[in-house]
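**Q** Listed below are the residues making up each chain.
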Amino acid sequence: MNRTQVSKGLGLVLLLLLALPHGGSAQATGAVTYWTYFTDKWDLEQKFLADFKKARPNITVQAQLIPPDQLQQKTVTAFASKTAPDLWNTAPTFYYEFVQRGDLENLTPYITRDKTGLGTFFPNILTDLAVPPGSGNYYALPRNYVVSLLYYNKNAFDKAGIGYPDASWDWNKLLDVAKRLTIRNADGTVAQFGFVSSPWHTMLDPLILANGGRVLSDDQKSCRLTDPAAVKTIQFMVDMIQRDKVSPNPTQLKEYIVESPDAFKAGKVAMFITGSWAITSMREIKSFDWDVAMVPKGSAKRVIYGGPDTIVMSSSTKNKSGAWELLKYLTMQTPVSWYAAGMGLVPSVQKTATAKEWLSSTPPAHTQVMLDSATFMVGGFTPHWLEWQTAKRNTLNEAFFGQKPVAAAAKEACAAIDKILQAK
Amino acid sequence: MRGSRVLSATFGYLGLTVAALFFLLPLLWIVVTSLKTPEQLFQYPPRWWPEHPTLENYTYLFSKMPFIRYSFNSLKVAGLSTIGSVVSCSLAAYAFARLRFAGRTALFYVLLATLMIPYQVTMIPVFILMRSLGWVDTYYPLIVPWFFGGAFGTFLLRQFFLTIPTELDDAAKIDGCSAFGIYRRIYLPLAGPALTALAIFVFMFQWNDLLTPVIYLSDPDKFTLTLGLAFFKGTVVTRWNLIMAGAVISAVPILIIYLAAQRYFVQGVALTGLKG
Amino acid sequence: MQRAGPHASSVAGRRRLRETLEGQAFLLPTIFGLALFWLGPVVASVLISFTDWGNGQHVSWLGLANYRALYTSPLFWKVFANTWYYTLVSVPAGMLLSLGLALLANQKLRGIGLFRAIYFFPSIISMTAVALMWSFLFNPDLGFINYVIRRVFHVPGPEWVNSIQWAMPALIFVGVWKWAGYNMVIFLAGLQSLDRSLQEAAAMDGANSWQRFRHVTWPGLTPTTLFVLVIMLIGSFQVFEQTYVMTEGGPAYATLTMSYYIYLDAFQYFHMGQAAALAYVLFAVVCIVTALQFALQRRWVFYQ
Numbered sequence: 081m082n083r084t085q086v087s088k089g090l091g092l093v094l095l096l097l098l099a100l101p102h103g104g105s106a107q108a109t110g111a112v113t114y115w116t117y118f119t120d121k122w123d124l125e126q127k128f129l130a131d132f133k134k135a136r137p138n139i140t141v142q143a144q145l146i147p148p149d150q151l152q153q154k155t156v157t158a159f160a161s162k163t164a165p166d167l168w169n170t171a172p173t174f175y176y177e178f179v180q181r182g183d184l185e186n187l188t189p190y191i192t193r194d195k196t197g198l199g200t201f202f203p204n205i206l207t208d209l210a211v212p213p214g215s216g217n218y219y220a221l222p223r224n225y226v227v228s229l230l231y232y233n234k235n236a237f238d239k240a241g242i243g244y245p246d247a248s249w250d251w252n253k254l255l256d257v258a259k260r261l262t263i264r265n266a267d268g269t270v271a272q273f274g275f276v277s278s279p280w281h282t283m284l285d286p287l288i289l290a291n292g293g294r295v296l297s298d299d300q301k302s303c304r305l306t307d308p309a310a311v312k313t314i315q316f317m318v319d320m321i322q323r324d325k326v327s328p329n330p331t332q333l334k335e336y337i338v339e340s341p342d343a344f345k346a347g348k349v350a351m352f353i354t355g356s357w358a359i360t361s362m363r364e365i366k367s368f369d370w371d372v373a374m375v376p377k378g379s380a381k382r383v384i385y386g387g388p389d390t391i392v393m394s395s396s397t398k399n400k401s402g403a404w405e406l407l408k409y410l411t412m413q414t415p416v417s418w419y420a421a422g423m424g425l426v427p428s429v430q431k432t433a434t435a436k437e438w439l440s441s442t443p444p445a446h447t448q449v450m451l452d453s454a455t456f457m458v459g460g461f462t463p464h465w466l467e468w469q470t471a472k473r474n475t476l477n478e479a480f481f482g483q484k485p486v487a488a489a490a491k492e493a494c495a496a497i498d499k500i501l502q503a504k
Numbered sequence: 023m024r025g026s027r028v029l030s031a032t033f034g035y036l037g038l039t040v041a042a043l044f045f046l047l048p049l050l051w052i053v054v055t056s057l058k059t060p061e062q063l064f065q066y067p068p069r070w071w072p073e074h075p076t077l078e079n080y081t082y083l084f085s086k087m088p089f090i091r092y093s094f095n096s097l098k099v100a101g102l103s104t105i106g107s108v109v110s111c112s113l114a115a116y117a118f119a120r121l122r123f124a125g126r127t128a129l130f131y132v133l134l135a136t137l138m139i140p141y142q143v144t145m146i147p148v149f150i151l152m153r154s155l156g157w158v159d160t161y162y163p164l165i166v167p168w169f170f171g172g173a174f175g176t177f178l179l180r181q182f183f184l185t186i187p188t189e190l191d192d193a194a195k196i197d198g199c200s201a202f203g204i205y206r207r208i209y210l211p212l213a214g215p216a217l218t219a220l221a222i223f224v225f226m227f228q229w230n231d232l233l234t235p236v237i238y239l240s241d242p243d244k245f246t247l248t249l250g251l252a253f254f255k256g257t258v259v260t261r262w263n264l265i266m267a268g269a270v271i272s273a274v275p276i277l278i279i280y281l282a283a284q285r286y287f288v289q290g291v292a293l294t295g296l297k298g
Numbered sequence: 129m130q131r132a133g134p135h136a137s138s139v140a141g142r143r144r145l146r147e148t149l150e151g152q153a154f155l156l157p158t159i160f161g162l163a164l165f166w167l168g169p170v171v172a173s174v175l176i177s178f179t180d181w182g183n184g185q186h187v188s189w190l191g192l193a194n195y196r197a198l199y200t201s202p203l204f205w206k207v208f209a210n211t212w213y214y215t216l217v218s219v220p221a222g223m224l225l226s227l228g229l230a231l232l233a234n235q236k237l238r239g240i241g242l243f244r245a246i247y248f249f250p251s252i253i254s255m256t257a258v259a260l261m262w263s264f265l266f267n268p269d270l271g272f273i274n275y276v277i278r279r280v281f282h283v284p285g286p287e288w289v290n291s292i293q294w295a296m297p298a299l300i301f302v303g304v305w306k307w308a309g310y311n312m313v314i315f316l317a318g319l320q321s322l323d324r325s326l327q328e329a330a331a332m333d334g335a336n337s338w339q340r341f342r343h344v345t346w347p348g349l350t351p352t353t354l355f356v357l358v359i360m361l362i363g364s365f366q367v368f369e370q371t372y373v374m375t376e377g378g379p380a381y382a383t384l385t386m387s388y389y390i391y392l393d394a395f396q397y398f399h400m401g402q403a404a405a406l407a408y409v410l411f412a413v414v415c416i417v418t419a420l421q422f423a424l425q426r427r428w429v430f431y432q
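Protein chains in written order, with the working numbering: chain S, 81 to 504; chain R, 23 to 298; chain V, 129 to 432.
For the record, the hints were derived by calculation from the structure and aren't laboratory data. All values reported here derive from a predicted model rather than from experimental measurement. Using N, Cα and C, we set each Cβ at its ideal position, and we do this for glycine too. Heads up, a few of these hints could be off.
Pair by pair, the computed Cβ-Cβ distance ranges are [said to hold, decoys possible]:
#1 R:75 / V:325: 48 to 56 Å
#2 R:155 / V:174: 20 to 28 Å
#3 S:413 / R:242: 21 to 29 Å
#4 V:187 / R:281: 47 to 55 Å
#5 S:482 / V:199: 27 to 35 Å
#6 S:325 / V:282: 17 to 25 Å
Pairs of lysine to any residue, SDA-like flavour, derived with a Cα cap of 20 Å [said to hold, decoys possible]:
#7 S:127 / S:412
#8 R:98 / R:279
#9 S:484 / V:203
#10 S:499 / V:193
#11 S:499 / V:198
#12 S:366 / R:71
#13 S:133 / S:413
#14 R:195 / V:147
#15 R:86 / S:145
#16 S:436 / S:454
#17 V:236 / R:37
#18 S:312 / S:483
#19 S:162 / R:147
#20 S:499 / V:200
#21 S:133 / S:412
#22 V:236 / R:35
#23 S:499 / S:297
#24 S:195 / S:401
#25 S:400 / S:129
#26 S:325 / V:283
#27 S:133 / S:415
#28 R:195 / V:150
#29 S:127 / R:241
#30 S:499 / V:206
#31 S:234 / S:246
#32 S:499 / V:190
#33 S:491 / S:315
#34 R:195 / V:149
#35 S:301 / S:212
#36 V:236 / R:34
#37 V:206 / V:376
#38 R:195 / V:145
#39 V:236 / R:26
#40 R:98 / R:274
Can you make the complete structure from the sequences, with help from the hints?
**A** Rendered as structure tokens:
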């Protein structure tokens, strides 16, 4: 490199830098900014927002798609720097923290003013959104809900000559069938597991409740996993892996167990419990038939994991009336086609969910199960939910991996959870 | 002599091939996965080669994303950052390696310390800083910092500059060469392999960076390729084969740059010739 | 002599002044960058570490409470130990592998460029894809590795990332595999910059290849080795992506590392203050380890 080359290079750089666009993003006054992470539905969303613009020409919507894995970092950064969007999607995972921080607008005055009929929603999905619990204060409205389902491989049932699961099943029946559906190779390795047991919130927590136990105390300030009913339930789940050997070790990868149940899709697992969101992924299965049934009853009652995905409004919003209009539109008027594509998300509005276009979109054949399950739905969300759930899973894992007695692991879990819930 | 050379070449190739398989086979899995349909993904026993390889993942990605625009944006960001980094880091590295001045060691360690601060805790303050500069939704936060040095590049080049014999400087000084002249005429040419390595590293880092574009860019016309590909991570489904196809697409430009730059590694510098 | 003294010192003084000015001129971009892009954010994040910022509507000053909370938390010590485990295994393994590759790829053979490119491939591919690919291959029930183990040895393979013992080795393996080629490039640049005449002279003197490596190549390569060592240490202490993609810190916290814990606290748990405190503890640890490397370098690094 000689001097002229260097100076030429520097000159070029300066020119290119000057050519870059200047300044911050121009925000039209009165515009409503909206962030969504539903990447799979972005095309439908844009069409749907265009319809909104036609109906409300005075409100400009600036919608932005955010990669789902980075949404949380982007949102936290946005609030810290006062660049938050007016509306965005959030799952109950972080809802209570956002309320606590004062980031969210209380929607109740708007609901009262407009006499917005909350009766159009499935009643159960609003339960988790009231802050404080039981009050009529909502900082979010639901756009859809998701609920746990028992997915099963019909071919595996047919081959074993076992009747398909239905609403009459309890967990003992499930274990019994899981034993019969577990097939071993000659060398002792497993060709097909009957079921997948794990300490994830989609499965363990509702079963503890269904067996008459509790995960947390009613005031959500202490852990009750050491209560006999809870310990017995955890033992049942651990035994499926360690004693009955009908289940593989719980996987760590969120994608495997919660989002994309690969072992089930590969035909290595005959029954699997996870949220309805997995339907989109299950539809890729071509090598066998599958369907869904209601999650089995516990010894005391039936409890099924489920909860809403919501739209929330920032308390710092400048155009509150415009944002409220869009929020209402998104949560109450999203067309059935938006939900029917992929099927994983159940419409929050009862009328939309019972529409034929949604119910007849298969597989699974038994779409109605998702609606019937709503009555039994419990989310179990609390402040610091993700933090104590992570602690719960990691401490209980030692029992699930057979390295610690259940009672000892539950004690450790409660110590960790109490510390999180009671922190100032 | 000839026989032993053939023997050593044979062993050489043997070692090279074994190592190559160690790196290549898993990568082949990424390519093969990108050629599978969703249902082929979960076949058991696993198959190395799908019965019916398909390009549908690639055509899907190309049809859903303005590939040319995003690539051009990435090229702009990564290219400018690379230039900025090589220029500013080599200047600083020369000063740290060869000039004697008060506070040199302290400043070097302060610079190095910036590498040790986890970005998670400076990300928000940096964002607030960039916002106060009016730089949100522009490329400035992605590019400008690279023009102001950087610990990794400076440290890398300093280590290489330190291996250059000081006799060369002394000779040049006697000839009346300024510090800048020595830097430009002796150090830059001799550090070719290190400068090339740094250029590739910076380019690659910037090309693959996802978090900074996610945080700063909101105008879809400004999106980089990595950011564009991040949208194919589904909210409720992980489409492995699409992610793998995206990774392959995104890696090709870096591969081309690497292959183009590779010859500069091979340019071994014959220092003896320069000394004489 | 007496008259020469002041004269000589004024020449030296002028030279020193000139070099200081030159040094500052060369460092202008760096100093400016440090002042503009680092000073503010670092001071801000240090201050945050003494508060409960990010948790509620009001920020309160906690003094050293965030640091004390770490000291008394068993999870912190677990995470601390995990981070050391990762570093102490992956750095030596990574150094040896990348140095070996560089020596292998430094041979003068036809087609050597192709081999170098192949070794570098894994560094090019995004970590997300690499980690997902290894999750696939390491999958205990469906993965290719255990399939081969079962077919060849007729025993079930390890549970890899689904086991408390094997999860960390699996993550270390992925990290070493991915970055070996990257560090090879640095070593290769070091090898290419060596004075080849010394090698030839040693060969003429009848030194065998080990002696040539030990006494000629290695001393010349030590500045590069110091760089790779320091950078790998800093990188390993901050390992994040494998954990993020492959295990999320599990099972039973077996792979929870400092950097991932900072991320959780900062962005998932809304404890930015706690995260900042953890970050500066990590910073202090890395500082000490790096300082130790620089203190020890006098014993083994040869500069011109």
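**Q** Look at each hint and say if it fits the structure.
**A** Structure-based check of all given hints:
1. A hinted range of 48 to 56 Å for the beta carbons of residue 75 (chain R) and residue 325 (chain V) is consistent with their spacing of about 52 Å.
2. A C-beta distance of roughly 22 Å is found between residue 155 (chain R) and residue 174 (chain V), which places it inside the suggested range of 20 to 28 Å.
3. Range check, residue 413 (chain S) to residue 242 (chain R): Cβ separation about 25 Å, and the 21 to 29 Å hint holds.
4. At roughly 52 Å, the beta carbons of residue 187 (chain V) and residue 281 (chain R) sit within the given window of 47 to 55 Å.
5. In this structure the hint that residue 482 (chain S) and residue 199 (chain V) lie 27 to 35 Å apart at CB holds, the actual value being about 32 Å.
6. At roughly 19 Å, the beta-carbon separation of residue 325 (chain S) and residue 282 (chain V) lies within the given 17 to 25 Å, and the hint holds.
7. A threshold of 20 Å between alpha carbons decides the hint, and for residue 127 (chain S) with residue 412 (chain S) the separation of about 16 Å falls inside it, so the pair holds.
8. For the given pair, residue 98 (chain R) sits about 14 Å from residue 279 (chain R) by alpha-carbon distance, which is consistent with the 20 Å threshold.
9. Between residue 484 (chain S) and residue 203 (chain V) the CA atoms are separated by roughly 18 Å; this keeps the pair inside 20 Å, and the hint holds.
10. A hinted pair counts as satisfied when its Cα atoms are at most 20 Å apart, and residue 499 (chain S) with residue 193 (chain V) qualifies at roughly 15 Å.
11. Pair hint residue 499 (chain S) plus residue 198 (chain V) holds up; C-alpha atoms about 13 Å apart against a cutoff of 20 Å.
12. The straight-line distance between the Cα atoms of residue 366 (chain S) and residue 71 (chain R) is roughly 18 Å, inside the 20 Å bound, and the hint therefore holds.
13. Restraint check: the Cα-Cα separation between residue 133 (chain S) and residue 413 (chain S) comes to about 14 Å, which is no more than 20 Å; the hinted pair holds.
14. Taking the CA atoms of residue 195 (chain R) and residue 147 (chain V), the gap is near 13 Å; set against the 20 Å cutoff, the hint holds.
15. Proposed proximity of residue 86 (chain R) and residue 145 (chain S) is supported: the alpha carbons are some 14 Å apart, at most 20 Å.
16. Simply put, residue 436 (chain S) and residue 454 (chain S) have alpha-carbon atoms about 18 Å apart, close enough for the 20 Å limit, and the pair holds.
17. Proximity of residue 236 (chain V) to residue 37 (chain R) is assessed by CA-CA distance (about 14 Å); at most 20 Å being required, the pair is judged to hold.
18. This hinted pair checks out: residue 312 (chain S) and residue 483 (chain S) have alpha carbons roughly 17 Å apart, not beyond 20 Å.
19. At most 20 Å may separate the alpha-carbon atoms for a hinted pair to count; residue 162 (chain S) and residue 147 (chain R) meet this at roughly 12 Å.
20. With a C-alpha separation of about 12 Å, the suggested pair residue 499 (chain S) and residue 200 (chain V) falls inside the 20 Å cut-off, and the hint holds.
21. In summary, the hint linking residue 133 (chain S) to residue 412 (chain S) is supported, as the alpha carbons are separated by about 16 Å, within the 20 Å threshold.
22. Of the pairs offered as hints, the one joining residue 236 (chain V) and residue 35 (chain R) holds, with about 11 Å between alpha carbons and a cut-off of 20 Å not exceeded.
23. Restraint check: the Cα-Cα separation between residue 499 (chain S) and residue 297 (chain S) comes to about 14 Å, which is no more than 20 Å; the hinted pair holds.
24. For the hint linking residue 195 (chain S) to residue 401 (chain S), the alpha-carbon distance of about 15 Å falls within 20 Å, and the restraint holds.
25. Of the pairs offered as hints, the one joining residue 400 (chain S) and residue 129 (chain S) holds, with about 18 Å between alpha carbons and a cut-off of 20 Å not exceeded.
26. At roughly 17 Å between alpha-carbon atoms, residue 325 (chain S) and residue 283 (chain V) fall within 20 Å of each other, so this suggested pair holds.
27. Among the hinted pairs, residue 133 (chain S) with residue 415 (chain S) is consistent with the structure: their alpha-carbon atoms are about 15 Å apart, no more than 20 Å.
28. For the given pair, residue 195 (chain R) sits about 14 Å from residue 150 (chain V) by alpha-carbon distance, which is consistent with the 20 Å threshold.
29. Distance check on the hinted pair: residue 127 (chain S) and residue 241 (chain R) sit about 18 Å apart at the alpha-carbon level, within 20 Å; holds.
30. A threshold of 20 Å between alpha carbons decides the hint, and for residue 499 (chain S) with residue 206 (chain V) the separation of about 16 Å falls inside it, so the pair holds.
31. With a CA separation close to 13 Å, the supplied pair residue 234 (chain S) and residue 246 (chain S) stays within the 20 Å bound.
32. At roughly 18 Å between alpha-carbon atoms, residue 499 (chain S) and residue 190 (chain V) fall within 20 Å of each other, so this suggested pair holds.
33. Using a Cα cut-off of 20 Å, the hinted pair residue 491 (chain S) and residue 315 (chain S) holds, with the two alpha carbons roughly 13 Å apart.
34. Taken as a hint, the residue 195 (chain R) and residue 149 (chain V) pair is honoured in the structure, with Cα atoms around 17 Å apart against an allowance of 20 Å.
35. Between residue 301 (chain S) and residue 212 (chain S) the CA atoms are separated by roughly 14 Å; this keeps the pair inside 20 Å, and the hint holds.
36. Restraint check: the Cα-Cα separation between residue 236 (chain V) and residue 34 (chain R) comes to about 10 Å, which is no more than 20 Å; the hinted pair holds.
37. Our distance criterion of 20 Å between C-alpha atoms is met by residue 206 (chain V) and residue 376 (chain V), whose separation comes to about 15 Å.
38. The hinted pair formed by residue 195 (chain R) and residue 145 (chain V) meets the criterion: a straight-line CA distance of about 16 Å does not exceed 20 Å.
39. Between residue 236 (chain V) and residue 26 (chain R) the alpha-carbon distance is near 15 Å, which keeps this suggested pair within the 20 Å criterion.
40. Restraint check for residue 98 (chain R) and residue 274 (chain R): satisfied, since their Cα atoms lie roughly 16 Å apart, inside the 20 Å limit.
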